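K.L.:
Spelled out, the chains give:
Number of protein chains: 6
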Amino acid sequence: MSKLSAPTRDKLRTVSTATLTTCLFKRGLRNQFLQAVHPLNPQAAPMVGEAYTLRYIPAREDLNPITVFQDRNHPQRKAVEECPPGAVLVIDSRQDARAASAGGILVTRLMTRGVAGIVTDGGFRDSPEIATLAIPAYHRRPSAPTNLTHHQAIDINVPIGCAGVPVFPGDIVVGDAEGVVVVPAHLADEIAAEAAEMTVFEDFVTEQVRQGRSILGLYPATDEQTRSDFTAWRKAKGR
Amino acid sequence: MSKLSAPTRDKLRTVSTATLTTCLFKRGLRNQFLQAVHPLNPQAAPMVGEAYTLRYIPAREDLNPITVFQDRNHPQRKAVEECPPGAVLVIDSRQDARAASAGGILVTRLMTRGVAGIVTDGGFRDSPEIATLAIPAYHRRPSAPTNLTHHQAIDINVPIGCAGVPVFPGDIVVGDAEGVVVVPAHLADEIAAEAAEMTVFEDFVTEQVRQGRSILGLYPATDEQTRSDFTAWRKAKGR
Amino acid sequence: MSKLSAPTRDKLRTVSTATLTTCLFKRGLRNQFLQAVHPLNPQAAPMVGEAYTLRYIPAREDLNPITVFQDRNHPQRKAVEECPPGAVLVIDSRQDARAASAGGILVTRLMTRGVAGIVTDGGFRDSPEIATLAIPAYHRRPSAPTNLTHHQAIDINVPIGCAGVPVFPGDIVVGDAEGVVVVPAHLADEIAAEAAEMTVFEDFVTEQVRQGRSILGLYPATDEQTRSDFTAWRKAKGR
Amino acid sequence: MSKLSAPTRDKLRTVSTATLTTCLFKRGLRNQFLQAVHPLNPQAAPMVGEAYTLRYIPAREDLNPITVFQDRNHPQRKAVEECPPGAVLVIDSRQDARAASAGGILVTRLMTRGVAGIVTDGGFRDSPEIATLAIPAYHRRPSAPTNLTHHQAIDINVPIGCAGVPVFPGDIVVGDAEGVVVVPAHLADEIAAEAAEMTVFEDFVTEQVRQGRSILGLYPATDEQTRSDFTAWRKAKGR
Amino acid sequence: MSKLSAPTRDKLRTVSTATLTTCLFKRGLRNQFLQAVHPLNPQAAPMVGEAYTLRYIPAREDLNPITVFQDRNHPQRKAVEECPPGAVLVIDSRQDARAASAGGILVTRLMTRGVAGIVTDGGFRDSPEIATLAIPAYHRRPSAPTNLTHHQAIDINVPIGCAGVPVFPGDIVVGDAEGVVVVPAHLADEIAAEAAEMTVFEDFVTEQVRQGRSILGLYPATDEQTRSDFTAWRKAKGR
Amino acid sequence: MSKLSAPTRDKLRTVSTATLTTCLFKRGLRNQFLQAVHPLNPQAAPMVGEAYTLRYIPAREDLNPITVFQDRNHPQRKAVEECPPGAVLVIDSRQDARAASAGGILVTRLMTRGVAGIVTDGGFRDSPEIATLAIPAYHRRPSAPTNLTHHQAIDINVPIGCAGVPVFPGDIVVGDAEGVVVVPAHLADEIAAEAAEMTVFEDFVTEQVRQGRSILGLYPATDEQTRSDFTAWRKAKGR
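Line by line, the protein sequences are chains A, B, C, D, E and F. For the first sequence, our numbering gives the first residue as 1, with consecutive numbering after it. For the second sequence, our numbering gives the first residue as 1001, with consecutive numbering after it. For the third sequence, our numbering gives the first residue as 2001, with consecutive numbering after it. For the fourth sequence, our numbering gives the first residue as 3001, with consecutive numbering after it. For the fifth sequence, our numbering gives the first residue as 4001, with consecutive numbering after it. For the sixth sequence, our numbering gives the first residue as 5001, with consecutive numbering after it.
Just so you know, these hints were derived from the structure itself, not from any lab. As the structure is a prediction and not an experimental result, all values here were calculated from the model. We put the beta carbon where it would ideally sit given N, CA and C, even for glycine. Do not rely on the hints blindly, as some may be mistaken.
[To be verified] SDA-like cross-link-like pairs, simulated, lysine to any residue; straight-line CA separation at most 20 Å:
1. 3026(D) / 3041(D)
2. 3026(D) / 4065(E)
3. 5078(F) / 221(A)
4. 2078(C) / 2185(C)
5. 26(A) / 5074(F)
6. 3078(D) / 1218(B)
7. 3026(D) / 4071(E)
8. 3026(D) / 3234(D)
9. 1078(B) / 4213(E)
[What the hints assert, rightly or not] Derived coverage of chain F by chain E (criterion: at least 3 residues anywhere in the stretch with Cβ under 8 Å from a Cβ of chain E; other residues may be distant):
10. 5034-5047
11. 5136-5148
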């Protein structure tokens, strides 16, 4: 169902969001990392999946009594039931964490449905409980007030902004213990490949630096010696 | 074409956004005034019209070269040509004024098309020129950088947030020298009537206060004397 | 001494701040959760107690030399000695965390005096030490500078704002690992009861969802089946 | 009634807030200028008077229906009627301009009562009207929503913070076209005298600089020549 | 003395900062407009000159008594005396407007010395006086407190950040009634030429739009008709 | 090489940043604690060393392609190789955490070179990895995007601002689990001595308070009894 290929998904699970932003920077994309959004449970990462989006607008009081959730077609509830397994639910909460984007029960439902993760640029309620779940979840800060206090879910799977980043449905959303990066769908395969290669090199560099080697000529590999050492290291490590 | 009746439009032109927020507050609507948005040309107000909305998301660099405006269907350009005369174009710029929501030429085009006003929670470029136009325009602060630097127009006439306020297409948008308030469409007639009545009373109160009368018992009119004085004043003034 | 009844206190210890905000929302109270304030020691929660308040204003340099603490009647020190056991000391620091609201020694004193918790919308100094104490403490962020750098304690047990929330002396302050909510005193009993009931239902829902059940019809319980299942579950669980 | 002497009041009317902050800085007071607060009507300044304070806390919805203003003892209305002529009403709005601190009718009443000015660290409604009144008024930005939307007046004439500055009842509040500075009551006479002298010197310096003189040795007057020129200039000007 | 050629300076005086940001955007420079900085006296613009920079760091109290200005080599005073005629003094105030970047006397001195303008990302004191001077001045907001309260001048003519923009000594700084844009020195000639051409076209477009023409096909000029009309218009206007 | 004496370094390792700010406050230094900066790995503290600084300005796109790091003299790389062992690298990132100040490899290199710590008022990338290293690191929040996205390293070892604090090369930078304080170089010895003494007293006070003693008369030690108890306690403890 997902257009994200299994090999690309696997590669993206092994690379960091930092490495991915470098690959994106090289292609002129400077603004794909979600600002000020962090994982509730760093252990649950990595997260990889296609973006399935949910858009909130500010709540108008008369349209958002507690009874709206009785409607099975309420977009928030619908999104939770329809977000595809393997996808990541990304919510545009207008960077407003004064009320919750979602809570423990909905996130649990996403987890049991096989959804790959959930991201908001607002906050989650029941955050201590969510922090224990086996689904990666990212937000700005805990926010107990019920969603309807400040948010009205209005649209499903349209292009949104999240934490200052453009997110198109189907973009590849990758999260680790540092945060979340959005990889445009058409670049996913090539960036996954490039990032996986970079990761091998950075592992080599890290090992060298831990052994006391200077970064000059090593990182980036401007010395011929670095390149030959790396070739030998790869061979030795079988990577 | 507009569902906004002529008498309601006329009444809304004579009342202040302050008075309207009081009417909305009485109905439990506490969040209809656009925060931190002000008129470029206070003389151009009052502004009254139905909301016609435009939604921006953050710009992705590869999707937003300068050439995108060659597309006649680019949502920003389309909105400028299709926003109905008498309506107000309201732009969701995610409260981001780092790049322009629109500039002098587009605002001039809206003016010549008979559009009633333009509002963004970002900023306009060519703001000194816009400040001289005979169309009310409201923004956060001047912003010279071209729209594409940080914005991508994505949707026309969907519900949006603007400056923290929910705006549904067709809501009545009213602006004066103080700022902009959004009146839900279904309340427009009754709120216009109530606000017009309140304005008469407030004009009476202001006159009394200027003459040295205390506000106690006068505002609100808890004294019987106030009520009879007001009745006499209305009669005398023919209001 | 406390007007907070023991059964209500006990119930409030078993419910989350998230559930309480829902109960408050149903009564039209949308702004009772402290924004951007978090526990230093999530393990120490839950916190329940009546609010005892302390108000700070910005420090004027000539009035706040280090010697002011030699005065036994300095409001900060007085508050620490007089805050009743079982109460929560809530400090209005004007959301300014540039200097400490209090430090490790004062918080330790509150703990030994049996105070139920301490909350500021500024920051604590000695925060690593406070994080190890058996008293719930909530703040915005660690702040080493001595209190007098930016704060002057001015009033004890007057109504204050804390993190954007109105706090009246005697209001019930409840904290968990998510944050802090303020329950108006006159609503404490009924909200505690309602929240306790809601918690039973949410525990049922969570269990169902973990077993793979959809939230539609379940949460909220719009399906008759949900209601009968819940009745059976309660019976089985003895809750 | 005022403890502010007529000569000091007169001197303070002739000096700028900039000059006053320098005098305060020399005495170790670095934080007496209200941040981000500006005059609605720069022409109405200068403002000089003793501080009479009003304190707001965040509004709790159930305590703040529109009907509260029917109470003649509502602190906001009471403050407007009781602030002494010649004093300045200073409002602690917690730097929250989302709802009005006061509006046109109340400010008009203050003006007719002979109050010297009004200051808030929030916003005024009816700001276009207030901008035409002959009473200095200072705020952060226009704010149409009625006061009760976010504020509850709670205390009169207690020490407050306003725009980050400590304000004690009786402090001398001075405003010009630049902004507002708070002079501690006990320093008013000496600072007024010093600032008046500084102003004479700065007028001399400005004249010299306009004529092309370098600031080196002139400002500050480290050259002996500057001091003798100034003496001559004062004599010639009769200042 | 200036490397800015007279023809380029003249062209830059006739184009808007908005047009310049478009030229910069086409070259991949998206961040050259100073954010949230505005002219004190919009009538004084346009401003064109080479950047001469001054860098502030936060003030340490013991290093910044009022007496430091007695030192003729104090970097702030030195910068005011040494900034070349025709240059623009650009101050990095770390976007901190709590204390003044400079005041009326220094700005007057710059004016009499023939300096082309002054820009800070903080605030000026004596702002009402500066607003009357015949030198363009740009800041964030008025700020009465003396410079030393929060700033220490530390460096002259080094690369700085100002309002989020990189400024290298010698870059061309252009200001109009909208704000300030920084043109890298090596691009000044080509961008001035391109912007002047664009301005001619935009004047044509504006005239057409005022006469009722649609922007589609006109702006940008995707219709052949537009291009031939423009050619004819230029000829007729002699531009 | 370091001018920081071994005894002073040792003392500073045993005192808290909170205690140090009190010592600084007593000398009129109110602004030496880095605001909103926290340790990535609280276990790695304490950090003590002389400041070695690195200054960033906003990145201009054309000057900051990924290839700039091939230059061995790039200031960021140079700083990492040249920061003296035992010193603390302090980076002025203009409080901008949208892109990384540095990443895991560079921080590892600093660690292996014996550098005492690294501080930025922006963010680090590879923050999960840095959190595991045996070198104290302090930042605002995790930030994956590569440094060049928003920063250009421009200067080494000049006076800077970091998180609102003036930092001169050679100042003593102390970090604990609470945050970072900057002690002016010339005060380091006397403040270390005073803070060490204060720490002994505070340890005594804490013990007393834990045993149930009131803070009145104890803290500060205004009771004679406190002073004699403390003398006895010191003797007993051998401190």
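K.L.:
It remains to establish, for every hint, whether it holds in the given structure.
P.N.:
Hint check results:
1. A distance of roughly 30 Å separates the Cα atoms of residue 3026(D) and residue 3041(D); the hinted pair therefore is violated under the 20 Å criterion.
2. This hinted pair checks out: residue 3026(D) and residue 4065(E) have alpha carbons roughly 8 Å apart, not beyond 20 Å.
3. Under the criterion of a C-alpha separation no larger than 20 Å, the hint pairing residue 5078(F) with residue 221(A) is consistent with the structure, at around 16 Å.
4. A C-alpha spacing of about 24 Å is found between residue 2078(C) and residue 2185(C), which places the hinted pair above 20 Å, so the restraint is violated.
5. Using a Cα cut-off of 20 Å, the hinted pair residue 26(A) and residue 5074(F) holds, with the two alpha carbons roughly 19 Å apart.
6. The suggested pairing of residue 3078(D) with residue 1218(B) holds, with an alpha-carbon distance near 13 Å, which does not exceed 20 Å.
7. For the suggested pair residue 3026(D) and residue 4071(E), the alpha carbons sit about 17 Å apart, so the restraint of at most 20 Å is met.
8. For the suggested pair residue 3026(D) and residue 3234(D), the alpha carbons sit about 24 Å apart, so the restraint of at most 20 Å is broken.
9. At most 20 Å may separate the alpha-carbon atoms for a hinted pair to count; residue 1078(B) and residue 4213(E) meet this at roughly 14 Å.
10. Coverage of the region 5034-5047 of chain F by chain E is violated in this model, with 0 residues showing a Cβ closer than 8 Å to a Cβ of that chain against a need of three.
11. Only residues whose beta carbon comes within less than 8 Å of a beta carbon in chain E count, and the region 5136-5148 of chain F has 0; fewer than three means the coverage is violated.
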